[in-house]
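Q: Given next are the chains, with one letter for each unit.
Number of protein chains: 2
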Amino acid sequence: MDWVTLDRIGQYTGTTVELRGWVANRRSSGRIRFLQLRDGPGTIQCVVLADKVTPEEFEFADKVPYESSVIIRGEVREDRRAPNGYEITVTRLELVSEAEPYPISKKDHGVGFLMDHRHLWLRSSRQRALLKLRAVITRTARAYFDELGFIGIEAPILTPTACEGTTSLFKVGYFDDSAYLTQSGQLYGEAAAMALGRIYVYGPTFRAEKSKTRRHLTEFWMIEPEMAFYDLADTIDLAEGLVCRIVSAALEECRPELSLLERDIKPLERVVAPFPRITYAEAVEVLKNKGLEFAWGDDFGGDEETVISEAFDRPVFITHYPAQVKAFYMKRDPADPRLALAVDMLASEGYGEVIGGGQREDSLEALEKSIEAHELDRGPLEWYLDLRRYGSVPHAGFGLGIERTVAWIAGIHHVRETIPFPRLMDRLYP
Amino acid sequence: MDWVTLDRIGQYTGTTVELRGWVANRRSSGRIRFLQLRDGPGTIQCVVLADKVTPEEFEFADKVPYESSVIIRGEVREDRRAPNGYEITVTRLELVSEAEPYPISKKDHGVGFLMDHRHLWLRSSRQRALLKLRAVITRTARAYFDELGFIGIEAPILTPTACEGTTSLFKVGYFDDSAYLTQSGQLYGEAAAMALGRIYVYGPTFRAEKSKTRRHLTEFWMIEPEMAFYDLADTIDLAEGLVCRIVSAALEECRPELSLLERDIKPLERVVAPFPRITYAEAVEVLKNKGLEFAWGDDFGGDEETVISEAFDRPVFITHYPAQVKAFYMKRDPADPRLALAVDMLASEGYGEVIGGGQREDSLEALEKSIEAHELDRGPLEWYLDLRRYGSVPHAGFGLGIERTVAWIAGIHHVRETIPFPRLMDRLYP
Numbered sequence: 001m002d003w004v005t006l007d008r009i010g011q012y013t014g015t016t017v018e019l020r021g022w023v024a025n026r027r028s029s030g031r032i033r034f035l036q037l038r039d040g041p042g043t044i045q046c047v048v049l050a051d052k053v054t055p056e057e058f059e060f061a062d063k064v065p066y067e068s069s070v071i072i073r074g075e076v077r078e079d080r081r082a083p084n085g086y087e088i089t090v091t092r093l094e095l096v097s098e099a100e101p102y103p104i105s106k107k108d109h110g111v112g113f114l115m116d117h118r119h120l121w122l123r124s125s126r127q128r129a130l131l132k133l134r135a136v137i138t139r140t141a142r143a144y145f146d147e148l149g150f151i152g153i154e155a156p157i158l159t160p161t162a163c164e165g166t167t168s169l170f171k172v173g174y175f176d177d178s179a180y181l182t183q184s185g186q187l188y189g190e191a192a193a194m195a196l197g198r199i200y201v202y203g204p205t206f207r208a209e210k211s212k213t214r215r216h217l218t219e220f221w222m223i224e225p226e227m228a229f230y231d232l233a234d235t236i237d238l239a240e241g242l243v244c245r246i247v248s249a250a251l252e253e254c255r256p257e258l259s260l261l262e263r264d265i266k267p268l269e270r271v272v273a274p275f276p277r278i279t280y281a282e283a284v285e286v287l288k289n290k291g292l293e294f295a296w297g298d299d300f301g302g303d304e305e306t307v308i309s310e311a312f313d314r315p316v317f318i319t320h321y322p323a324q325v326k327a328f329y330m331k332r333d334p335a336d337p338r339l340a341l342a343v344d345m346l347a348s349e350g351y352g353e354v355i356g357g358g359q360r361e362d363s364l365e366a367l368e369k370s371i372e373a374h375e376l377d378r379g380p381l382e383w384y385l386d387l388r389r390y391g392s393v394p395h396a397g398f399g400l401g402i403e404r405t406v407a408w409i410a411g412i413h414h415v416r417e418t419i420p421f422p423r424l425m426d427r428l429y430p
Numbered sequence: 431m432d433w434v435t436l437d438r439i440g441q442y443t444g445t446t447v448e449l450r451g452w453v454a455n456r457r458s459s460g461r462i463r464f465l466q467l468r469d470g471p472g473t474i475q476c477v478v479l480a481d482k483v484t485p486e487e488f489e490f491a492d493k494v495p496y497e498s499s500v501i502i503r504g505e506v507r508e509d510r511r512a513p514n515g516y517e518i519t520v521t522r523l524e525l526v527s528e529a530e531p532y533p534i535s536k537k538d539h540g541v542g543f544l545m546d547h548r549h550l551w552l553r554s555s556r557q558r559a560l561l562k563l564r565a566v567i568t569r570t571a572r573a574y575f576d577e578l579g580f581i582g583i584e585a586p587i588l589t590p591t592a593c594e595g596t597t598s599l600f601k602v603g604y605f606d607d608s609a610y611l612t613q614s615g616q617l618y619g620e621a622a623a624m625a626l627g628r629i630y631v632y633g634p635t636f637r638a639e640k641s642k643t644r645r646h647l648t649e650f651w652m653i654e655p656e657m658a659f660y661d662l663a664d665t666i667d668l669a670e671g672l673v674c675r676i677v678s679a680a681l682e683e684c685r686p687e688l689s690l691l692e693r694d695i696k697p698l699e700r701v702v703a704p705f706p707r708i709t710y711a712e713a714v715e716v717l718k719n720k721g722l723e724f725a726w727g728d729d730f731g732g733d734e735e736t737v738i739s740e741a742f743d744r745p746v747f748i749t750h751y752p753a754q755v756k757a758f759y760m761k762r763d764p765a766d767p768r769l770a771l772a773v774d775m776l777a778s779e780g781y782g783e784v785i786g787g788g789q790r791e792d793s794l795e796a797l798e799k800s801i802e803a804h805e806l807d808r809g810p811l812e813w814y815l816d817l818r819r820y821g822s823v824p825h826a827g828f829g830l831g832i833e834r835t836v837a838w839i840a841g842i843h844h845v846r847e848t849i850p851f852p853r854l855m856d857r858l859y860p
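So the sequence lines, in the order shown, correspond to chains A and B.
Under my numbering, the first residue of the first sequence is numbered 1, with each subsequent residue one higher.
Under my numbering, the first residue of the second sequence is numbered 431, with each subsequent residue one higher.
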C-alpha cells in the first residue's frame, strides 16, 4: 500500500491508502470521532468509527495530543461537505510520536509569543498559506525573467561597498578585515549586465535600520533585473509585466490560500496593464489636493505613499524624483538636472513602495561627481567606475521587494508574516 | 527598425536590423574590416566594407578600442562558416562610448590580476559560458523540486545558532547584539518540513574556514531539500534524480558552452541512474586496495575523495559514516550506534563531495545527548529541540553545493570561476 500525500488524494477515491502527518484538530461525537490530519500539502478529515478500529485505537482518537505525528490507513471517500472534497474512513491509527502539550492554541496569542514560536507557528493554516503564496510569487518572478532570456545570477552577500548609504550597514568580521552585508545586488548586477546583456539577481539583502514599521525587516529578499541598453520607459514596461504576471499567478495558483487569508480578490483582479505613470511633481499635487502639507524635494514616507496609492485603483509608477532623495548611481534627467530618472512603484490599496529602480548614471564624470557629493568612499567603488570606463552603455534596472509584494497580494498588515523566519531590530530568534 | 538581440538573430535573415553591444575583437584585411560584436546573449561577426559605410565609419572600424560600446545596423546573412551561422554586413556603425585601453588582453594574465578585474573578466567567452551553465543548473535544480510539489522557502541568513560547528562562523554586529552568518539552511528547513511536508531552501551559506583549496569559498550557495517521513534510502533516490536531471539539462541546454569550455562530455553522458551506493567501510577498503594508509574513524579529505571517486565511472553515494565525523543532528544507525545514517555523494572524475546529507535525529533524548557531546550551546537550539517535542517524525534531507556542481559539470579546476563574485579568505573585492 502506497504512502499518499494529500495533494494527490483525488486519484485514490474508493481505495485504501496510508497517510502520514500531524493531528491538527480532533473532536468526538458519541460513537464517532474525527481527526483533522495535516500532512504539509493538505489537510483532511479522518473519521474514526468504533467498529472499524480496535478499542485502543478508538480510545486513542479521543485523546491524542494536538500536533502528535501519526500514520493513518483508511478508505478515501468523496464528500462534498469536506473542505477539500474528500474524507478518510480510518481502519488503522498508529502513533509515531506523541506531542507534549502544544503551546499554540486556538486562543489569541500575542505577536511576541507567536514570533518566539515561529518554528511551530509555521504549522498554522494561515502561515502555510502565506509560505505557499510566497513560493508561487518567487517562482513566477524568476520564470518571467527566464522566459525573456535573462540570466539569473547571484550577487555577493559579503561586500566591501555600501550601496544605499553608509548608515544602515551590518558589519562582519572577515578574518583580519571587515566586510558589510549587501544592501542590494544592483551594482554587481550592472557588471553582469555588461557581460550578459540582461540579468536578474535573486537574493537576500540587509539594512540595519532602526525602524519598527510594518514595512521593514532587517533581512529581506529582492529580485533585481538589470538591463544593458534599457532606458527608464523600457524598465517601467518590464516592471509592469512582472507585477501583472505575479498577480495573475497568485490568482490562478493560490485561490484556496487567498480565500483562507480572507483576501478580497477584486482589487487584485484590477491589476492589469497599463498602470498609471505619474511624475513626482504630479504625486506632490495628489498630496496637496488631499490637504497634506508636503514640500517639494522631500522623500515620500509611508503615510504619503499610502495616500498616493489610494488615489488609484491599481499600482502606480512615480518617476522623476528630486535627485537629492535618491541614491548616488541614479542618472540625472537631461531635461532637468534637479531630477533623477528614477521610478518607484507603489502597490494598490495603500501598500506603498514595492519596486524601486531607474536608469543608472552611465557617464564616468557625472558618477565621480555624484560619489563625491554623497561623501562615499571611492576606493571600494573603483571597480564600479570601471563599468563606465570600458564601454559604458545606457542601462537601467529595478528591485522588487518580495516581502512587501507578498504582504500586498495576501492583503496582510505586517511583512513579518511573509518570510519563514523574519529578522527585525529586536528579533533574531529562532 | 527593431533592436534585435543575438539569441533571436536567426529570425531576421535577409533583413536589416540594429544590434547593440560591445566590440569583442576586430581585424582588417585590405578593403574589408571585421568587428566581432558581443551583446550578452551572443556574438556575431560584422563585416565592414568601404562601399557600404562612410569613410569615417570605415576608418573607425579599424581603430575602435576593444570593449567600446557600439550600435550597429546592417543586413543579416546566413553564413555556414560563422560560429553561430550568421554574419552582418554593416551599413551603419555608431559609437556609444569609447573604452579606455582595456586591461584584459589575449595574453595570459595571472589569476590574481583576473580576480582583481572580475567585474570585467566576466565579459570573456569562458566566464559567460560558466555563468550561463550555472544559471541553467540552479534553475533546473529548483524546477526538479517544484515539479515534485516541494515548497521553496528561504532560510534566515542571520542566525543565533552554529549549525556545522562553531569554529568557522562569521560574526555580525546586530544592533547591541551579535549574530552569525548561516552555515546551512537545514535546521530551519527541518522546521518548515514539519509544516509543509517537503521543502527546499535555496540560498547563500558561509564558512569562515582558513582553507585555500580549489574546493572552498567562504560564501557559497546550496540547494537543501528537507522531507518529513523520508529515510536515508528515500533521500538517496531523491538526490540521484536531482543529479541526473541537472546533468541532462546541462547536456541539452549548454552544448555550446560545454564545447567552449572544452569539456569532454562522455563522462557526463555516463551520469545515469543507478549510481553505486557503498558504505564508509567499503570506501575505506577502496582506499586500502589503492595502497593508501587510512584509519577507520577518520573523515575523508580531498585526496581520499579523489581516489574513491576515480574508482567509479559515475557519481558514488557513501553512507554510514562514523558518527564522530558528522554533525550533531545526524541520526545514529540503529543497527550499529557507532555509525550515522549519513550520506555524501562524490561527483565522478575526482571532483569529490558535492552532496552531503542524511537522516536527522528524531529522538529528543538522543538529540539532547548529542548537543551535549558536541559541546554546543543549547540555548539557541531550544527551538530546534521543539521539533522533537511536538510531533517528531523520521525525516531527512541533503545539501547540494552549487559551485562544486558547476565546477564538475564544466570540468574546471577551481570553484572560484563558478560564481560571479567569489569570496575567498583573501578575496573580498570587487
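No wet-lab data here; the hints were simulated from the structure.
Remember, it's a predicted structure, so these values are computed and weren't measured experimentally.
Any given hint might turn out to be false.
Computed footprint of chain B on chain A, listed as stretches where at least three residues anywhere in the stretch have a Cβ under 8 Å from a Cβ of chain B [said to hold, decoys possible]:
hint, segment
1, 196-209
2, 213-225
3, 248-259
Just so you know, even glycine gets a beta-carbon here, dropped at the ideal spot from N, CA and C.
Q: Can you confirm whether chain B covers the segment 248-259 of chain A, using C-beta to C-beta distances below 8 Å and requiring at least three such residues?
A: violated (count 0)
Q: Under a C-beta cut-off of less than 8 Å, do 3 or more residues of the segment 213-225 of chain A approach chain B closely enough to confirm the stated coverage?
A: holds (count 3)
Q: Would you say the segment 196-209 of chain A counts as covered by chain B, given the rule of at least 3 residues with C-beta under 8 Å?
A: holds (count 7)
Of the numbered hints stated above, the single one contradicted by the structure is hint 3.
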